[in-house]
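Now for the letters of each chain:
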Amino acid sequence: MKTSKYLPLLILVLAPTYGFAQREPAASPKDYPTRELTIEPGIGIHTNFGTDLLLAGLIQWNPYKRLSLASHTSFNINNLLQRDFNYIKTDYNYSFNQKFGAGTTFYSRKSTHTLLLMIGAKYTAFKETVYNPAVDKVSASISALSPDYGLMYSHKRGLKKYFFTGRLYVPLYPWPVKGSDINFVDGNINNIALEVGVGMKVK
Amino acid sequence: MKRQKLTTLTLGALVGALVLFLASCSEEEFNPSLTREFSIQSTFNGATYKIKVGLPLDYNSSGIKHSSIYVLDGEENFDFVANHCEEISDRYSVTNVVVVGIGYGNDRELDYTPTKISPTTGGGGDFLRFLENELVPRIEQEFSVDTTRNSRAILGHSYGGLFVACALAVNNQLFGNYILLSPSIWFDNEVSLLLEKEYRERNRDKPQLVFLGIGQSENLGRMQAPFEAFYQTLRDNYSSISLSKNREDDLDHMGSKNPNIIKGLTYYFKNR
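Sequence lines, in order, name chains E and D.
The working numbering applies: residue 1 is where the first sequence begins, and numbers increase by one.
The working numbering applies: residue 1 is where the second sequence begins, and numbers increase by one.
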């Protein structure tokens, strides 16, 4: 894969964040939708053709106006739509991510934009079986624990107790830790997470 | 206002730095003074293939007949394979090989698949005949390479890996060494497993070296089990095989390719 293939994708991913930060004029302090503690359940997909279903939750605590701390949990049912293909059955395929992060929040009149650096772990388990009657039945199972870190953008819209929330998470592992080879970005792009949900202001 | 400007500048700098970093991740070209290029038209499928040949450093001085590695998807993989052959052979103090990168003449999906399940698949038979009757003879005529089966290796990734699996099954006298990376064994209801079974009696006692590599994160419900099935069938049925497999931690289909090329070449140089 050539670098040029990924540049437009990268720009596409980062541009909204960049745009949000510039678009809205600064609001007066009384208009800020300030929240100290929020719980934000949501559902989402990965960008690997949208075949993974994510059940996720973010807890965000802003002890100061510009300091955000967060915990993000996600249970992913992977490859949900294609569990039987060419005599290959998916017995199970899921992953569990837990990350903690810190970052900052930008405020506008009706919404907030939080950028977070997240660090945690990911557990993946899946099993496939070839059951083609013309050959021996063979299974392969994978169970792996790996680091998970990356950048999260969290958007909250609304001024009341309940509000709309949307998140974008761009994983940075395994690239560039495994090497700077552009091919490594393959897995990262597949695992970009897009989530939407309803948040609740606790405090 | 000042703060907004600062935010804009910071984000702009971050995006710029990332773009520059990505742009700098280009692959290192193999030594041009050791690279020969030519084009060859196949009489079997009419396509013209651009061939790159990477020579060992001691090619002209040693006078020996070198082994050869034929690399599928040559336009993407030639430089990486040729550079690492030089590095690995040097590290283990073994004779380097002649690397033959096979560029695209047709769509790779057509050339590397054995059966026709769509208009763009099923040209693998013609491509294999092109290798056997046109490309390999020309390489062995024009370059100082060994002409025995055991001196020839073939390396392929994805559909290329599928082609290598089929070459092992249906034309086992052409190559003695096979490096299969994330092979698409799932193709056409695992037709490559059926071909292996069909030709097994003819091939099972011949000496062969086979390396199988895959990414641990290839979890789209089609890669891992067929990969394991192919590995187990070779392990259980072939008496004179030198066989190894590797699952590259946390890497996907493309990300695992280059690490598996390095491991496959290392296994090849240490065990051929």
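Possibly wrong hints are sitting among the right ones.
If the Cβ cut is set under 10 Å, some of the chain D residues that face chain E in the computed set are [claimed, not checked]:
1) Phe80
2) His84
3) Asn189
4) Lys197
5) Tyr199
6) Leu220
7) Tyr231
8) Gln232
9) Asp250
10) Met254
11) Lys257
Simulated from the structure, these hints should not be mistaken for lab results.
Where a beta carbon is used, it is the ideal one built from N, C-alpha and C, also for glycine.
I'd like to know which numbered hints this structure contradicts. Please list them from smallest to largest. Hints 2 and 5 contradicted; others consistent.
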